[in-house]
Amino acid sequence: MASTHKSNDFVDLPTVNVENMQNNIKVVLYSRTFMSIIGGVIAGILGFTGFMGFVFYFIVMAITSVGLAAKAGFSVQSYFDSWNQISIDGFLGGLLSFVLFWTFAYDIVHIF
Amino acid sequence: MGDDLVLDTAIRDWVLIPLSVVMVLIGVLRYFVSKLMRSSQTPDAKIVKEGQIVIRAKNLRAGANLIPAKAFRARKSYYSNEDNGLLHVPKDQAQNAQAQMFSDPNMAMDMMKKNLSMIIPQTLTFAWVNFFFSGFVAAKIPFPLTQRFRSMLQNGIDLSTVDVSYVSSRSWYFLNLFGLRGLFSLILGEENATDDTQRMMQMGGFGFDASKSLGAEKDNLDLVQHDWVMPKFEQRAEAVLRKLVS
Chain A
1 MASTHKSNDF VDLPTVNVEN MQNNIKVVLY SRTFMSIIGG VIAGILGFTG FMGFVFYFIV
61 MAITSVGLAA KAGFSVQSYF DSWNQISIDG FLGGLLSFVL FWTFAYDIVH IF
Chain B
1 MGDDLVLDTA IRDWVLIPLS VVMVLIGVLR YFVSKLMRSS QTPDAKIVKE GQIVIRAKNL
61 RAGANLIPAK AFRARKSYYS NEDNGLLHVP KDQAQNAQAQ MFSDPNMAMD MMKKNLSMII
121 PQTLTFAWVN FFFSGFVAAK IPFPLTQRFR SMLQNGIDLS TVDVSYVSSR SWYFLNLFGL
181 RGLFSLILGE ENATDDTQRM MQMGGFGFDA SKSLGAEKDN LDLVQHDWVM PKFEQRAEAV
241 LRKLVS
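The listed protein sequences correspond, in order, to chains A and B. Mapping of the first sequence onto the working numbering: position 43 corresponds to residue 43, and the numbering continues sequentially without gaps. Mapping of the second sequence onto the working numbering: position 125 corresponds to residue 125, and the numbering continues sequentially without gaps.
If you're looking for bench data, these hints aren't it; they were derived computationally from the structure. Idealized CB from N, CA, C, for every residue including glycine. Just so you know, nobody snuck in bad clues.
Taking CB as the label site, the calculated pair distances span: (1) B:N220 x A:L46: 50 to 60 angstroms; (2) B:A62 x A:K26: 15 to 25 angstroms; (3) A:M52 x B:M112: 40 to 50 angstroms; (4) A:K26 x B:K232: 26 to 36 angstroms; (5) A:F54 x B:A74: 52 to 62 angstroms.
Whole structure, please, built from the sequences with the hints as guidance.
So this is what it looks like as C-alpha cells:
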C-alpha cells in the first residue's frame, strides 16, 4: 500500500507540453471574454442594477469554470497546471468588458 | 435628482450607438492598417542563434531530471563552461551588441510606425468625438459610484448636481477604448492581443539584448539541482506490476 502511495508522488513530475498548455490557457481566456460579453448583454437586457449585476457576473464566471472543467472531462490536472488556471485566470480581465456591455445593453433597453 | 433625468431616445440613436459602432470599426481598421504597414524584417543571424541557444538550455533545464547525472553534467558544462560554453558571453561583446541595437535605424523606424498606427487613430477619434458629441449625457451606468468617479465619468459636462452614474459622451468614448479590448481579441484573433503586449515589451525593454538573456539562462542552469528520477520509476514500475500480479 505504501509503495503505491509513493508512486503517486512521482506522477507530479512536470511533464508538460508547453505549447499545448499555452493553447489551453488561451482557450480559457477566450471563453471567459466571450462569456463576459454575452453575460453583460444578458444582464443589461434583464435590467440588473447595482450589486445584482456583479452577482450575475460571478454566476456567469462560475458557470464558465464548470463548463471548462466539464470540457476537460473533470480531469483538470491533465490539461492544466492547477485549478487556479481554470477557475481564476482572466476573471478580472473580463470584468471591464462585462461592465461595458452591461451598461450598453441596459442603456439601450431601459434608460431611454 | 439623478433619477429625474430623462434622456432623449435620439441621443441613443445618434450618439450612443454610433459612437460604439465607430469605436469597433476603427479598432478593426487599425488592425488591418498596422498589418499592412508591418515590414517583414530579416532577423539578424546572431540574434536568432542566441535565441535558439537559450531555448535549448531551457529544454535541458526542463528535462534535467530525466537524464543521468553524468549526462546532465556533460551538457551543463557544454552550455555554461567559463572558457567556451555556449551561454558564456565575454563582457566587451555584450556592450557591442547593445550599441549595435541602438544604432539600428530599422528598428526605431518599425517602432515609430507601430506607435503611429496606434496614436493617430486615437487622436482622430477623440477629436471627432469632441467635435460631434461634446456635452451629451450619453449613458447611465447601472450601479452606484462615489463622487470620486465624477471626473472620470462626466468628462465634458460641468454639472455637480447630476448623479455620478450618468456618463458623458466623451467618457463613454474612454470606456469603449478600454472595454472593447476583449471584443477585439475575440473578433480579430489573438494576433491583436499579442501584438499589443509585444509592443509593450518593446517599449519597456528598448535595446533588449540577447546576451543578457544568455547570462540569465546560464545562472538558471547553474542553480538546477539535479535529481535523476529513473531509479524511482523502477520502484514505481515494480509497484504497478505487483499490483497487476496480485
